[in-house]
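Peer 1: Protein chains in written order, with the numbering used here: chain E, 1 to 235; chain H, 236 to 495; chain B, 496 to 715.
Fair warning: there could be bad hints in the mix.
[What the hints assert, rightly or not] Derived lysine to aspartate or glutamate pairs resembling EDC-like cross-links, with alpha carbons at most 20 angstroms apart:
# : chain 1 : residue 1 : chain 2 : residue 2
1 : H       : 448       : H       : 487
2 : H       : 366       : H       : 432
3 : E       : 133       : H       : 343
4 : E       : 212       : H       : 432
5 : H       : 310       : E       : 48
6 : H       : 298       : H       : 401
7 : H       : 317       : E       : 128
8 : H       : 475       : H       : 460
[What the hints assert, rightly or not] Restraint ranges, calculated between C-beta atoms of paired labels, are given here:
#  : chain 1 : residue 1 : chain 2 : residue 2 : range
9  : E       : 147       : H       : 416       : 38 to 44 angstroms
10 : B       : 643       : H       : 486       : 42 to 48 angstroms
11 : B       : 578       : E       : 88        : 39 to 45 angstroms
12 : H       : 249       : B       : 501       : 38 to 44 angstroms
13 : B       : 615       : H       : 293       : 54 to 60 angstroms
The hints are simulated quantities; they were obtained by calculation from the structure and are not laboratory data. Small disclaimer: the values here were computed from a predicted structure and weren't measured. In this text, a Cβ means the ideal position worked out from N, Cα and C, and glycines have one as well.
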Amino acid sequence: MLEYQIFFDYGPMILLGFWLTLKIVVCAIALGIPLGLFLALGRRSNFEIISFISTSFIELFRNTPFIIQVFLFYYVLPFYGLRLSAEYVGILALAAFGSAYFAEIIRAGIDAVPKGQLESARAIGMSDWQAMKNIILPQTISIVLPPLTNQTLTLIKESAVLSTITVHELTMTGLMVQGETFRPFEVFIMVALLYWALNETIATIMRKLEKKFSKDRKKTDTTKPRIKNLQRKGL
Amino acid sequence: MKSIFLEIKELNKKFGPINALKNVSLNISQGEVICIIGPSGCGKSTLLRAINWLTPPDSGMVKLEGKIIGSENGKLSIEQSKLLNDFRARMGMVFQQFNVWPHLNVLENVIKAQIVVAKRSREVAEPKAIKILSDVGLKDKIDEWPDNLSGGQKQRLAIARSLAMDPVLMLLDEPTSALDPELVGEVLSVLRNLVNEGMTMLIVTHELGFASKFGDRIVFMDGGEIIEEGAPNIILKSPKTDRLKLFLEKLDITSLKEKH
Amino acid sequence: MKFDISYTFDAIPRLLEGAFITIQVAILGFTLSVLLATIITIARTSLRSKILNFIIAFYISFIRGTPILVQIFLIYYVLPVFGLNLGPFTAGILAITLNSAAFVTEILRGGLASVPVGQFEAAKSLGISGFALWRKIILPQTFITSIPPLVNEFTMVLKATALLSLITVVELMRVSQQIYSANYHPVEVLSGTFIIYFLMCFVVSRSSAFLEKRLKVKRA
Numbered sequence: 001m002l003e004y005q006i007f008f009d010y011g012p013m014i015l016l017g018f019w020l021t022l023k024i025v026v027c028a029i030a031l032g033i034p035l036g037l038f039l040a041l042g043r044r045s046n047f048e049i050i051s052f053i054s055t056s057f058i059e060l061f062r063n064t065p066f067i068i069q070v071f072l073f074y075y076v077l078p079f080y081g082l083r084l085s086a087e088y089v090g091i092l093a094l095a096a097f098g099s100a101y102f103a104e105i106i107r108a109g110i111d112a113v114p115k116g117q118l119e120s121a122r123a124i125g126m127s128d129w130q131a132m133k134n135i136i137l138p139q140t141i142s143i144v145l146p147p148l149t150n151q152t153l154t155l156i157k158e159s160a161v162l163s164t165i166t167v168h169e170l171t172m173t174g175l176m177v178q179g180e181t182f183r184p185f186e187v188f189i190m191v192a193l194l195y196w197a198l199n200e201t202i203a204t205i206m207r208k209l210e211k212k213f214s215k216d217r218k219k220t221d222t223t224k225p226r227i228k229n230l231q232r233k234g235l
Numbered sequence: 236m237k238s239i240f241l242e243i244k245e246l247n248k249k250f251g252p253i254n255a256l257k258n259v260s261l262n263i264s265q266g267e268v269i270c271i272i273g274p275s276g277c278g279k280s281t282l283l284r285a286i287n288w289l290t291p292p293d294s295g296m297v298k299l300e301g302k303i304i305g306s307e308n309g310k311l312s313i314e315q316s317k318l319l320n321d322f323r324a325r326m327g328m329v330f331q332q333f334n335v336w337p338h339l340n341v342l343e344n345v346i347k348a349q350i351v352v353a354k355r356s357r358e359v360a361e362p363k364a365i366k367i368l369s370d371v372g373l374k375d376k377i378d379e380w381p382d383n384l385s386g387g388q389k390q391r392l393a394i395a396r397s398l399a400m401d402p403v404l405m406l407l408d409e410p411t412s413a414l415d416p417e418l419v420g421e422v423l424s425v426l427r428n429l430v431n432e433g434m435t436m437l438i439v440t441h442e443l444g445f446a447s448k449f450g451d452r453i454v455f456m457d458g459g460e461i462i463e464e465g466a467p468n469i470i471l472k473s474p475k476t477d478r479l480k481l482f483l484e485k486l487d488i489t490s491l492k493e494k495h
Numbered sequence: 496m497k498f499d500i501s502y503t504f505d506a507i508p509r510l511l512e513g514a515f516i517t518i519q520v521a522i523l524g525f526t527l528s529v530l531l532a533t534i535i536t537i538a539r540t541s542l543r544s545k546i547l548n549f550i551i552a553f554y555i556s557f558i559r560g561t562p563i564l565v566q567i568f569l570i571y572y573v574l575p576v577f578g579l580n581l582g583p584f585t586a587g588i589l590a591i592t593l594n595s596a597a598f599v600t601e602i603l604r605g606g607l608a609s610v611p612v613g614q615f616e617a618a619k620s621l622g623i624s625g626f627a628l629w630r631k632i633i634l635p636q637t638f639i640t641s642i643p644p645l646v647n648e649f650t651m652v653l654k655a656t657a658l659l660s661l662i663t664v665v666e667l668m669r670v671s672q673q674i675y676s677a678n679y680h681p682v683e684v685l686s687g688t689f690i691i692y693f694l695m696c697f698v699v700s701r702s703s704a705f706l707e708k709r710l711k712v713k714r715a
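Produce the entire structure from the sequences given, and follow the hints as far as they go.
Peer 2: Dropping the structure here:
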């Protein structure tokens, strides 16, 4: 039978873990997206060293399990004299992991902007960076938003791995409560439902935004030519 | 004899095995209008793009008012690439595909580079943009998004965007080729005004009517080389080479076909 | 402290043994998940049962919306409560299979959508139906168009196996932990482990184009 009492007794503690999960993910995204942008630009760079370093970073972090990245950060940082609390190590690891994926998303977004856009910006005298900032990147936002959201959902899920280095986020809290109560079913269902709810909420909001976005776009660019075509055909 | 304003000297460019430019040299004086004609893939677009280094030439050089644009060896130091940006700001470029910036409205399209590149304040840039937009007949469109403009309007916007930088030279790469026939006229009339104001221009075009009326010189290119050049009435009426004859015949046939 | 690479080299033979187990676990889990996903796909498409489709949609949403680590803990800790003592290895394989099957089902749905309706109709007009229709006509086309995402999913499974170290399955990650908890040189040992994981995943992810070519040639 379900032990309902656990939900009341340990609910607040679990929610506290959930709150830390949220904070960690938000920080990791705030760090990871700018880093991902630099990596994406670095990968496109004409300087071979910069492009090699960026590409290596991206491929290394995309092709290894997050858990080993976490352990490496956990042991390597103090090895080089950088002692941080587990939470900060976790944020850094999650940001590094996320940035590799963010970089590839941003790179694909940049590639999706027609080449003529960069050329016209360069031809009028903008530097490469000015053209990126003023002309290319603003146009990539609507392209990269859906995959960035998906990656955010991935980061939320991957943050569970931080429980292994004693970050007291949602999964760690679940493990602790399970250790005290020996009611794994109730505990892990509670934990899973919270992740699920967060995931679904974000996904639903983004789907709605996307729909609205594509509707707005249609209003501006696709209907008009269609009407024009009809007129041309004499309808 | 007028002094040389733009000097193009022995430009070469290869794309793989293809010679896009083969020892191309050309001298242009201030206020001259040069129309470049030739079959597609003959290197005429590459020539324009090599002048402002959008496509860096393999060798040769371009001088504007005696100063070298880019460098002489196809490579750029950091200092040279900064200078190149200054040169580019003074040479307006207009593309076949317009390349207006869809995320900025019409007014901002004309303001952006003034602020970012020319470092003008918005108070200076905005009235200037409005003035130029009304010159090209887009005054009532300043709040529109580029996606809502016709091809002809987009191209006029692209021209206005370049003019806002006070260019001393305009490079136009088939400015009317992507337009529906009924929209060509409005763009040509903007270009006509520029000619009358004395703007130095290099135009890659298929509009022989425009070229013969407003061009000071016509340059015929084929296979990356300049085959013939001279005054329009000489070039178009009595071509010396077979290649130019053949090209003009073909153009006549296709333009006849289009009319019927 | 200095990075002493001799600890990395000393660890390599044992790490490679661990890597071998990792590969076995990944292949086993992935194979089972593809089987399960195929069954789910066929059931979903041909039975058209509302209740069944609701359960499948619920299952996919739950798996995709929760961390695989929590899914592993759920199975590892909860099944014994219901009297099922599977042991870490079986529980781990089960968790990975259930997780990956949800993603593979979604991949197959995409692949299935790219099979033209005419293929179904043509087969039916020839008298091919039921199991033969799926086995001979539909599934081969579905799988071939799905190769790139399937290869990608396999790398996800490969990476996910590292989490099984947390429920004491002795694979690559667990082996490396055993080594450094004995010699106290985690940085050197983990670096070696990191490289081995990278090589495995990198090779697999690059094999996608190769596989596609091979299979397409075979068909032609």
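Peer 1: With respect to the beta-carbon atoms only, verify the hint that residue 643/B and residue 486/H lie 42 to 48 angstroms apart.
Peer 2: holds, 47 angstroms
Peer 1: Is residue 366/H within 20 angstroms of residue 432/H, Cα to Cα?
Peer 2: holds, 16 angstroms
Peer 1: Within 20 angstroms, alpha carbon to alpha carbon, are residue 475/H and residue 460/H?
Peer 2: holds, 15 angstroms
Peer 1: For a C-alpha distance cap of 20 angstroms, please report whether residue 310/H and residue 48/E respect it.
Peer 2: Holds, at about 15 angstroms.
Peer 1: Mind checking the hinted window 38 to 44 angstroms against the Cβ distance between residue 147/E and residue 416/H?
Peer 2: holds, 41 angstroms
Peer 1: Just tell me: holds or violated, for the beta carbon distance of residue 578/B and residue 88/E against 39 to 45 angstroms?
Peer 2: The hinted range 39 to 45 angstroms holds for residue 578/B and residue 88/E, with Cβ atoms some 43 angstroms apart.
Peer 1: Given the hinted pair residue 317/H and residue 128/E, is their Cα-Cα distance within 20 angstroms?
Peer 2: Judged against 20 angstroms, a Cα distance of about 10 angstroms means the pair holds.
Peer 1: Quick one, are residue 212/E and residue 432/H close enough, alpha carbons at most 20 angstroms?
Peer 2: violated, 47 angstroms
Peer 1: What's the verdict on residue 133/E and residue 343/H, does the C-alpha distance respect the 20 angstroms limit or exceed it?
Peer 2: holds, 15 angstroms
Peer 1: Taking the CB of residue 249/H and the CB of residue 501/B, does the distance hold inside 38 to 44 angstroms?
Peer 2: Given a distance of about 52 angstroms, which is not inside 38 to 44 angstroms, the answer is violated.
Peer 1: Is 54 to 60 angstroms a correct range for the gap between the Cβ atoms of residue 615/B and residue 293/H?
Peer 2: holds, 57 angstroms
Peer 1: Decide if the proposed pair is consistent with the structure: residue 448/H and residue 487/H, CA atoms, cutoff 20 angstroms inclusive.
Peer 2: holds, 17 angstroms
Violated hints, listed in ascending order, are 4 and 12; each of the other numbered hints is respected by the structure.
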